[in-house]
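Novice: Here is how the chains run, residue by residue.
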Amino acid sequence: MVCYALLYGPGRGRAVTHLHVPDGVLPWWAAVGALAIAALLVAAALAGRRGPEGARFLARVGVMAAALIVAMSLPLGPGVHLSLAPLAGMMLGPAGGFLAAFLANGALSVLGHGGLTALGINGLFLGAQAAAGAGLFALLRRPLGVRAGAVATTATVLAAAAAAGLLAIRALPVDADHGHGEEEHAAEWGVWVVAALALAALAVEAWVTASVVAFLARVRSDLVHGGGSPRPRTSGEPA
Amino acid sequence: MIAADIDRMDRLAATGSSPVHRASPLARTLAAAAAVAAAVLAESAAAAAVVAGIVLLWGAVARAEPHRMVLRALAPLPFLAVVFLLHPETRPERMALLLLRALSSALALVLLLSTTPFVDCLRVLGVVLPRSLAAALAVLYRSLFILLRASSHAAEAARLRGVRAGPGAMVGGLLLHAFERMENVACVMHARGVDAPDPDRADALRPRALDAVPLGFAAAALAVSLLSRGAA
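Protein sequences appear in the order of chains A and B.
Counting from 79, one number per residue, gives the positions in the first sequence under the working numbering.
Counting from 4, one number per residue, gives the positions in the second sequence under the working numbering.
Don't take each hint at face value.
Examples of chain B residues toward chain A, derived with CB under 8 Å [to be verified]:
id: 1; residue: H70
id: 2; residue: V73
id: 3; residue: V131
Which chain A residues face chain B? A few, computed with CB under 7 Å, are given here [claimed, not checked]:
id: 4; residue: D101
id: 5; residue: A137
id: 6; residue: L181
id: 7; residue: A273
id: 8; residue: A274
Rather than coming from a laboratory, the hints here were simulated on the basis of the structure.
C-beta atoms are modelled at their ideal positions from N, C-alpha and C, and glycine is treated no differently.
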């Protein structure tokens, strides 16, 4: 769930991609409720996407979702990898970013990560980061500039996501039959360990996202949401 | 590593000829869904372990490399490690149950993708998913191979030239490549018609004689799981 945690897969020497909620952890009502909300948001994001622009939007979303999965598989150091959800929002806008994050989660669930029944929670969590990234970047890019705006957006979004993730995991009824007692102190220690890992990964992700957004703003500004005008279409492309 | 995994699963799904591969895509997808339900509903670690065992046996019948299935299905471990770190009060048997539930469910989904080409899964899912979402998923899967190849080529080229490219140029270049390709994909989607019905969907939904194989394994897993709930 904390999408930028720094953990290695056991015994394979490969970076396991981002943490997301697997099957069998959530209570059924949370899984079903989150899936219903996510389905509504997906339907809203897809509404009215018809014609050539609809096809262009869907292709963008599909390719961006694939890029999210590829980025998650690129190790940047020992066990460190990216989630790029805020970047998806910065490039595609809130609706496209949300959809791309949701689809990336769906694809990951059949590629060995499980979490099919937790698709709603996983999609909402990553999708919210993308949507918040889009909104915050739109607000910050003018006063701070593209690079600083991207750093501030990514850091804010991921810090909020990390805090929300930690709180949510702590609130999970993991072992309802067993009361909390002397273990409270140990849990506090666990929170600090996870928070430190998340903070380190957050710094890497903010740096990478800012570099990517600055690069794209320089090379093809139309690929950054709210950026320059799109490049002229060639005659073979849809109008 | 993910590139090799996806490549291998895709090849297994496309070239396999086991009894499981010869069942209809609908039966394989329904069986995988039932196995996920069995994993999630298991109320004891023993039942979840039996469900995992049934899925592995099913994988062996499908010649889907069960040992590799296990390695691919270990991805949920980091999340559970964090959960147990934050919930030190969790009893060992509860930890075992959650681990085995996550493993069994991930195994079932890996098996589905190792026996059923993604396009067939989409044909089945297309019954319930909006066409536009299915189209975006199809683009995702196709783009995944293209991007993985492009990222591997870029990394290899940088290594051979002794270049230490920053993440902006590397990841940005990859995204640029992806989006330029997307422009072409959008043209093709527009020309073919995103909303056109899939002519091969009926074939994916047509029952076949060997449907009983995956559905039988799934029913056994579900029975074990439901019995464990009854016993609890």
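Novice: Which hints, by number, does the structure contradict?
Specialist: 1, 2, 3, 7 and 8
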